[in-house]
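Peer 1: Read off the chains here:
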Amino acid sequence: MSRFFATGSDSESEESSSADEITPKAPGTTFKQSLLLSDDEEDTKRVVRSAKDKRFEELTNFIKTIRNAMKIRDMSKCLEEFEQLCRAFLKSKNIVDKEGVPSFYIRLLADLEDYLNQLWEDKEGKKKMNKNNAKALSTLRQKIRKYNRDFETEIAAYKENPQESADEEEEKEEEESGSSAESDDEAGDEGVSAKAFLKKKPEGVSEASKFLKKGSGDESSSSDDDDDDEDWGPDTEESGSESSDDEEGKNKSLATVFLKKDKGLDRPGVKKVEKKKQKKKERLGEFQDGEGDEETEGRWEKVKGGVPLVKEKPKMFAKGTEINVPVVVKKLNEILQARGKKGTDRAAQIELLHALANIAAENNLGQGVLVKIKFNIIASLYDYNPNLAAFMKPDMWKKCLDCIDELLDILFEHNNIFIGENIAEDSEHLAVSEQQPFRVRGCVLTLVERMDEEFTKIMQNTDPHSQEYVDNLKDEGRVCGIIDRLLSYLENKGSTEEICRVYLRRIMHTYYKFDYKAHRRSLGLQGETKSEQDQEESEGEDSAVIMDRLCKFIYAKDRTDRIRTCAILCHIYHHALHSRWYQARDLMLMSHLQDNIQHADPPVQILYNRTMVQLGICAFRQGMIKDAHNALLDIQSSGRAKELLGQGLLMRNMQERNAEQEKIEKRRQVPFHMHINLELLECVYLVSAMLLEIPYMAAHEFDARRRMISKQFHHQLRVGERQPLLGPPESMREHVVAASKAMKMGDWRTCHSFIINEKMNSKVWDLFPETQRVREMLVRKIQEESLRTYLFTYSSVYDSISMETLSEMFELEIATVHSIISKMIINEELMASLDQPTQTVVMHRTEPTSLQNMALQLAEKLGSLVENNERISDLKQGVYGGYFNRDQKGGYQQKQSYQRDQKGSYQQKQGGYQGGYQGGYQGGYQRGGYRNQNQGGY
Amino acid sequence: SPGCGRNRPALNNCQIFRVVLKIIKHYQEEGQGSEVVQGVLLGLVVDDRLEITNCFPFPQHTEDDADFDEVQYQMEMMRSLRHVNIDHLHVGWYQSTYYGSFVSRALLDSQFSYQHAIEESVVLIYDPIKTGQGSLSLKAYRLTPKLMEICKEKDFTPEGLKKASVGFENMFEEVPIVIKNSHLINVLLWELEDKSTVADKHELLNLSSSNHLEKSLQLLMDRVDDLNQEIVKYNTYSRNLSKQQQQKHQYLQRRQQENAQRQSRGEPPLPEEDITKLFKPPQPPPRMDTLLIAGQINNYCQNVKEFTSQNLGKLFMAEALQGHN
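Protein chains in written order, with UniProt numbering: chain X, 1 to 938; chain U, 1 to 325.
Any given hint might turn out to be false.
Cross-link-like lysine to any residue pairs, in silico, SDA-like; alpha carbons within 25 Å at most [stated by the list, open to error]:
hint : chain 1 : residue 1 : chain 2 : residue 2
1    : X       : Lys876    : U       : Lys305
2    : U       : Lys215    : X       : Thr849
3    : X       : Lys493    : X       : Tyr512
4    : U       : Lys280    : X       : Tyr489
5    : U       : Lys215    : X       : Ser873
6    : U       : Lys243    : X       : Arg667
7    : U       : Lys215    : X       : Asn853
8    : X       : Lys557    : X       : Lys626
Hints listed in this document are in silico derivations from the structure and should not be mistaken for laboratory results.
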């Protein structure tokens with residue numbers, strides 16, 4: 001027997017044969033292992049099997065498990081299998097209708113019912129059963145009773161003549177014992193079975209011819225094998241397989257005889273086929289735990305023997321086959337058929353594909369096949385994680401990168417390979433030939449895009465503060481490299497659409513990185529740093545040039561809106577990041593994205609938000625405080641900056657969304673290395689708000705209609721006021737609040753020291769590339785705005801004030817002071833005039849006193865009181881429509897016009913601000929406003 | 001001067017003996033800014049006169065001694081006073097005010113309970129700010145009988161107030177005050193006047209006005225806001241009421257039509273249903289607060305008017321002086 005066992009050791013084979021004795025199973029089980037190294041002939045043979053065979057095989061399989069379960073009294077297993085069996089039986093209804101109910105099926109039903117009844121009677125045994133089993137027993141009993149009603153006649157017939165079947169079983173057992181006893185002797189094996197056969201069934205003789213015929217047929221097939229063998233030379237393994245093939249032929253024929261003799265007896269044959277299939281599976285490495293359990297019940301030892309076999313010889317082809325392109329492709333398809341199926345071991349599949357690739361390479365089958373296999377390897381690597389949320393394991397990821405690299409290598413080396421998504425499977429051309437180029441179905445771009453997404457996923461799922469993240473991030477270079485190579489490949493061969501797609505990938509990897517070398521170059525510092533790395537870095541294009549080239553190509557060629565939108569946003573972001581404010585702003589305004597961004601999908605919206613924020617920060621760096629504030633207002637006022645920028649989920653919303661949404665949102669998160677510093681963002685916003693709000697507040701101290709420029713800033717101020725004990729500021733916010741308070745008093749020095757100090761430097765300002773310039777700008781802004789605040793607040797106590805004094809107080813040049821005051825006078829914010837010869841500001845003192853202001857407020861309130869009162873009187877007089885046509889009443893309107901007068905005079909006074917701020921802010925910056933205002937402004 | 005004879009219960013005036021200085025002293029010692037001090041007035045009723053002869057302050061109690069029993073304290077105090085043979089009859093209470101704000105629910109409630117128990121009781125309102133400006137401001141108020149009536153029935157609905165025809169102007173009646181000082185007090189006052197500096201004496205002529213006016217305006221504005229809210233509330237109520245009236249009317253009409261139809265068909269009319277159950281009238285908002293606010297606003301206005309007219313006079317005087325010099 002060990003000789004049949006081409007790949008196994010003796011002891012194993014013995015074990016397996018002894019296992020055979022336990023089960024009423026075909027003698028051919030063992031040799032089927034020879035099929036392990038199946039060649040294609042075997043496969044084709046298998047395919048030829050009729051539907052009937054297949055179905056019955058399935059049924060017998062279940063029956064066997066049920067019988068096993070019966071033996072060990074595992075009722076729940078029994079029930080489970082029985083249900084499956086019923087289902088399978090239903091499936092094979094067609095065949096059953098044609099052939100009649102198979103007797104083995106009836107036999108099982110009868111046996112099972114008897115067995116169950118027996119168990120049911122056995123009260124004590126039932127008590128011993130565990131709960132699950134007992135439950136299963138009662139369920140099964142009811143089920144089978146109901147089920148058997150349909151087969152009453154058949155069962156009755158069987159019960160009348162159970163002898164026959166029992167004999168058959170006996171016979172089989174005999175046969176098996178024979179086979180195990182004479183495991184070394186093929187002839188003996190055959191002899192015994194033949195003897196048994198003869199002894200049992202006299203009519204079997206007439207069948208002998210069939211058996212012979214069949215045998216000869218098999219012989220011819222084995223002789224085929226022999227031919228192969230000759231090609232390959234003698235080999236122990238080969239001989240083993242040969243003889244096993246021989247053996248199989250005989251046994252098979254034997255089985256067929258049984259099959260013919262009695263339908264109920266076809267089990268050995270069926271078993272065999274099923275076994276073969278199972279082996280095949282094992283060979284594919286599909287051996288799954290679940291199935292394993294199932295098998296253990298009956299053939300525990302054999303399985304154990306099988307597994308190491310697989311490990312020892314992961315062999316693709318029978319030695320005899322000539323490895324050529326169609327064979328490999330066939331094999332490949334075979335492997336791929338398992339793809340996506342439930343029980344497939346994906347890791348093993350990848351291994352197999354690799355092995356196949358190696359074989360293809362060894363045999364010089366040409367690049368076409370190799371490319372095709374590579375495609376499939378990468379695809380199955382992506383398939384490895386069934387769950388969309390899960391990310392690739394590091395080794396898988398490495399493998400994937402390597403594979404793509406190799407694939408690209410091949411594509412670069414061999415110009416004559418055409419790949420494309422739309423090349424049909426059958427029009428592929430893989431074989432090597434001089435005149436025809438390779439044609440392979442597949443799309444590198446898709447693979448690379450998927451790779452990029454996987455990379456993002458990996459980064460999303462790594463703890464950003466761990467070393468692991470840094471390690472993972474190192475792969476970014478490789479990812480970029482691959483994208484670059486693909487880019488240069490597609491530039492030659494791809495369609496414009498593909499180029500656009502790959503360009504966008506490239507852009508996505510470029511836009512958020514600050515181009516330090518270009519920065520250095522622009523500063524003229526390159527001469528100082530001459531290290532090798534720098535040298536290397538400074539070669540190649542500036543990222544700005546690259547961005548410009550790629551984006552412009554996309555603007556011109558792209559036909560999908562999404563890619564263009566993303567490209568524009570990235571372009572703006574990149575401009576903003578490198579302080580090219582005017583380009584960034586113009587591009588933003590030209591794109592009209594503010595109008596319709598709310599219709600875009602969330603990732604694009606996140607990108608838009610990131611861009612707006614970057615734009616705001618850029619404006620701040622350039623000293624355009626108003627623009628900075630406006631750009632940041634949308635994001636900051638919601639208080640959900642973190643969420644809007646895709647940099648984290650808010651806990652607050654946890655109850656509002658379910659797990660599914662949360663998963664989706666998590667997938668949208670931007671990887672950590674692309675984050676925009678939220679504290680920096682908030683600080684920039686608050687400081688801009690402070691620079692705008694404090695002078696505004698000072699100017700409108702008594703204005704009842706005063707509107708806040710920034711709600712958030714006011715909120716921070718209130719929080720600061722609520723503090724019972726005011727210590728020195730700790731956090732960034734406290735610093736800004738403290739600075740605001742100082743600024744309110746016109747104390748710019750304190751304000752300055754709160755905004756720019758060690759703590760704030762390390763927290764915020766040092767994050768800018770041009771720290772020093774930003775700080776200088778800030779100081780200047782603080783001085784100017786403090787001066788304005790001072791004038792607003794204290795102008796009423798001065799009759800006149802010398803500009804020289806002001807210039808000393810705020811450390812500004814006289815010219816600047818002069819210009820600021822002039823602007824204030826022009827805007828009618830400050831009621832004063834300049835006395836040129838003495839360089840003084842003379843106050844006009846036309847500001848309403850606080851008492852007057854209050855009187856105005858009171859008048860307004862009384863106005864609304866009267867209005868409300870009139871409504872009551874309207875009701876009293878029964879004028880129900882009064883609510884709506886009240887305006888036509890004279891008295892009320894008079895009052896209104898009075899009010900309007902009041903407002904009018906007020907507005908005149910503050911014309912400058914209302915035009916400048918209110919107009920801009922109130923309508924402003926609900927996206928559209930941003931554009932309008934700016935277009936007006938510049 | 002002694003008042004002329006009238007029958008009880010009408011109270012014609014109240015004479016005050018040696019109480020004024022005590023009240024002033026009480027405020028000076030305990031009252032701060034907008035804080036209010038209160039105390040009990042003692043005295044007796046003579047004919048139609050209420051003679052207030054003594055007073056003692058309510059102790060200022062902090063949150064720590066929440067279990068402090070005021071009633072107990074008052075009884076204790078009065079017993080002790082009786083022992084030293086001083087008038088010990090309860091005749092009312094006094095309260096300080098801040099820029100004339102005293103018309104409140106609390107004052108109404110406590111004055112009502114006083115007047116309910118002791119018919120002649122008054123509340124003395126002492127305005128320390130006006131007094132500080134040079135003219136003593138002390139006023140005695142009582143609730144009008146109409147208001148007493150309403151408070152007794154606790155009917156503050158719009159209808160109730162309308163029936164009682166109570167407006168903000170006739171909620172309180174002012175009782176004229178006559179202050180009688182003993183010779184000793186007069187002597188003390190003379191002495192004080194002699195000792196006080198020139199600046200103190202001429203506080204009356206202070207020309208600054210904006211601070212006082214600002215405060216008054218601020219308070220006035222707050223009250224106006226409150227009144228506005230009340231009016232809006234009432235407005236909503238009225239609208240709801242009229243809407244419901246309309247619905248009710250429609251319902252009744254429909255019902256009538258249906259009944260007429262049924263009658264013509266010879267069927268019995270639909271049973272009468274309780275229409276009030278179907279249309280529950282909306283809860284009318286209590287109008288007492290509105291009245292009080294209106295009263296308070298009136299008070300402020302009076303104050304401001306008084307203040308400004310005095311100040312205008314002073315300003316003209318000052319101008320004339322300026323021109324003369």
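Peer 1: Determine for every hint whether it applies to the structure shown.
Peer 2: Each hint tested on the structure:
1. X:Lys876 - U:Lys305: violated (32 Å)
2. U:Lys215 - X:Thr849: holds (14 Å)
3. X:Lys493 - X:Tyr512: violated (29 Å)
4. U:Lys280 - X:Tyr489: violated (82 Å)
5. U:Lys215 - X:Ser873: This hinted pair is violated, its Cα atoms lying about 32 Å apart.
6. U:Lys243 - X:Arg667: violated (54 Å)
7. U:Lys215 - X:Asn853: holds (13 Å)
8. X:Lys557 - X:Lys626: violated (36 Å)
When the structure is compared with the earlier hints, violations turn up for hints 1, 3, 4, 5, 6 and 8 and for no others.
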